[in-house]
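K.L.:
Below are the chains, spelled out letter by letter.
Protein chains: 2
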Amino acid sequence: MNKVAIIGVGHTKFGKLEDKNLLDLLCDASLQAIENSNTNDKDFDAVYVSCMLAETLNHMTGIASALVDRIGLIPAAADHIKNGPASGGSAIKNAFYAITSGLCDMVLVAGAEKMTHITTPGSITSAIATITHHNAERIHGISLPSLGGLLTRSYMEKYNVPKEWITSIAVKNHKNGMNNPNAHFQKEITLEKALNSPIIADPLRLYDTCPVSDGGAAMVLCSAEMAKRFCDTPILITGVGQATDTHIVYEREDLTVLKALQICSKQAYNMAKKTPIDIDVAELHDAFTILEVVESEDIGFFKKGEGAKAAFDGITQIGGKIPINPSGGLKARGHPLGATGIAQVIELVWQLQNEAGKRQVQNAQTGITCNFGGFGNNIVSILVERM
Amino acid sequence: MNKVAIIGVGHTKFGKLEDKNLLDLLCDASLQAIENSNTNDKDFDAVYVSCMLAETLNHMTGIASALVDRIGLIPAAADHIKNGPASGGSAIKNAFYAITSGLCDMVLVAGAEKMTHITTPGSITSAIATITHHNAERIHGISLPSLGGLLTRSYMEKYNVPKEWITSIAVKNHKNGMNNPNAHFQKEITLEKALNSPIIADPLRLYDTCPVSDGGAAMVLCSAEMAKRFCDTPILITGVGQATDTHIVYEREDLTVLKALQICSKQAYNMAKKTPIDIDVAELHDAFTILEVVESEDIGFFKKGEGAKAAFDGITQIGGKIPINPSGGLKARGHPLGATGIAQVIELVWQLQNEAGKRQVQNAQTGITCNFGGFGNNIVSILVERM
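Protein sequence lines correspond, in order, to chains A and B. Counted from 1, the first sequence has number 230 at position 230 by this note's numbering; the numbering is strictly sequential. All you need for this note's numbering is the position in the second sequence, starting with 1, plus 1000.
Calculated directly from the structure, the hints in this document are not laboratory data. The beta-carbon is built from N, C-alpha and C at its ideal position, and this holds for glycine as well. Heads up, a few of these hints could be off.
[Claimed, not checked] Pulled a few chain B residues facing chain A out of the computed Cβ check, cut under 10 Å:
#1 T1056
#2 A1064
#3 L1073
#4 D1079
#5 Y1097
#6 A1098
#7 A1260
#8 G1374
#9 N1378
Just chain A, with the same shape it has in the complex:
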């Protein structure tokens, strides 16, 4: 099996980008990644594009083919990979397979979402809610934030956890985002302000949720044996996992357990021959603050019920025992759906290359992601290491 290296990354600013359309975002991130990779000949075998809502929000299909043409990569094979908000993780996974198979040497992965031009209230939430179960959830008005509220309440009651422990994650991630020039929000917030922000789905409040963002992220992958030709500090993808769970959330034995994450992170750890204790830095999918809590447990950092306390106690801060979301996470970096899974891995690349500036985690050698699709019914986990 060929080993796979990341040799270049590209990341647009995330936020409200009025002068960019979906294809612009894919192109900007891709061209940055290609330039960063020093692969001057652009001899790509394949391109994988991740985007959740191109049809609905942008009235576009065939975006992978369009990208390949616009950045001059014809005749590279091009596919659009969809797995809801975990589309980026899935795109990386399939690029990883393409290279490990030995059939592709050089692959571009690019993800983007263009969302902020949609201003009708509720329409973004409705578009994302197409991923819930139609008969059991959606027609009854269930949206992802409402499931986030339900999970927050269940967790608080089951583990007797005060809301401020959970919401402290928003404060941490905003603080980290301060030092990320690509972040949607680059300002600190106070716990008091977050706890008193408007209710979205009780007890979930505005500052417990990620924003709607535009943005693009891209990376160049190649076989590890070629990597040093292009890049002094390639980062290896050594573990990849993906698992599904019930579509209908109420069918799960325990709402506060993300079985798909337990399974897929174990796949990634096993492939890389690592355990949670080996991880120096993680990028988790904090679309809602409660998700970072639960994910930090199910990915193996904390026992069930102890994630919120750990965050409140600073264990997941930069400088803490296991820094989570030094990028600012979805909460502060922003959440352009199709870009998020790629941006998570890019942050780890920068951390492992010691290129993360003021948000650097010291001596980070190994990192892992959780990219969360649906409401936890399709999760991708990617483990990266210094070469």
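On the provided structure of chain A, position chain B as indicated by the hints.
P.N.:
What follows is chain B alone, placed relative to chain A:
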């Protein structure tokens, strides 16, 4: 590199299926394929789903995760692969990579489209036209049938070909569809009737175009070394190719040449160590009659300009030198977009297993497909052989 075998296939009726929704079609085809494969334990590593317009026509995202849950394959990894009308080919390609990488042993590929419930005139054509170039084509009213008309006229003029040679393909494919119980249309048509059918985009007429269909198709793939455990007559995928071309059709040097097909079919031939002369049967993407003509040339069966005459002379009939679309093709089997690329390979499986009934091509040992995305800007070609 692991070799890849097809050990089970499933294919719903194609046509106007009023009592089935998109997920029903995916499930029906998948359960058939799983049953056909004798993999009783359902121990699947991954599921790939192809569908072009789930968001627009069916208001669904996360269809791969939904399928996995509904047919009991949790926690299998699940991704939705999009490449316009070539989504099925792309899904098979990515499943092929997953197995050749050695990281997956057993993979389900399922494709479907549910279209006929949309009855507003032009809305299906508009939805599909989202794959054309927005600024250069779409805003000027260009749709896929209009490009089909342009290609037909260009070909007729360049090669001095009468329309009846091209339209004879519709007659052939309807005749083949007569013997395909899954076909949308199972009735013969006359050349005279086809030539006098209503104009769609001059000189393209109604009977030169495929219908709008509902339908699903699925297959189970596994590593070749496992295949004989499940199936007496597994079929090997020995060649896979995919290539892109310009998004804007007018930017191509010659409208009548499908460069992407020339490239991707060559990739498939080279991988399988075959040439066009080795092919016993082909399933090409006759969304318009002219496409079968041009594809039959660019996939290497005929010189440029000779494909229409060859079809008119019966060379591509069952019993001819190189039978094309014994299934009835998109014209008669129908064209549920996301299912088509999978249905093409399934027809070849049946032909190679000598299971094609009245439409059997005698002693078929090797077959190839052309699955055409966009207007030829992203084409997938898959070559299969008896084991």
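K.L.:
Honestly, which of those hints from before does the structure not fit?
P.N.:
Violated hints: none at all, because every hint is consistent with the structure.
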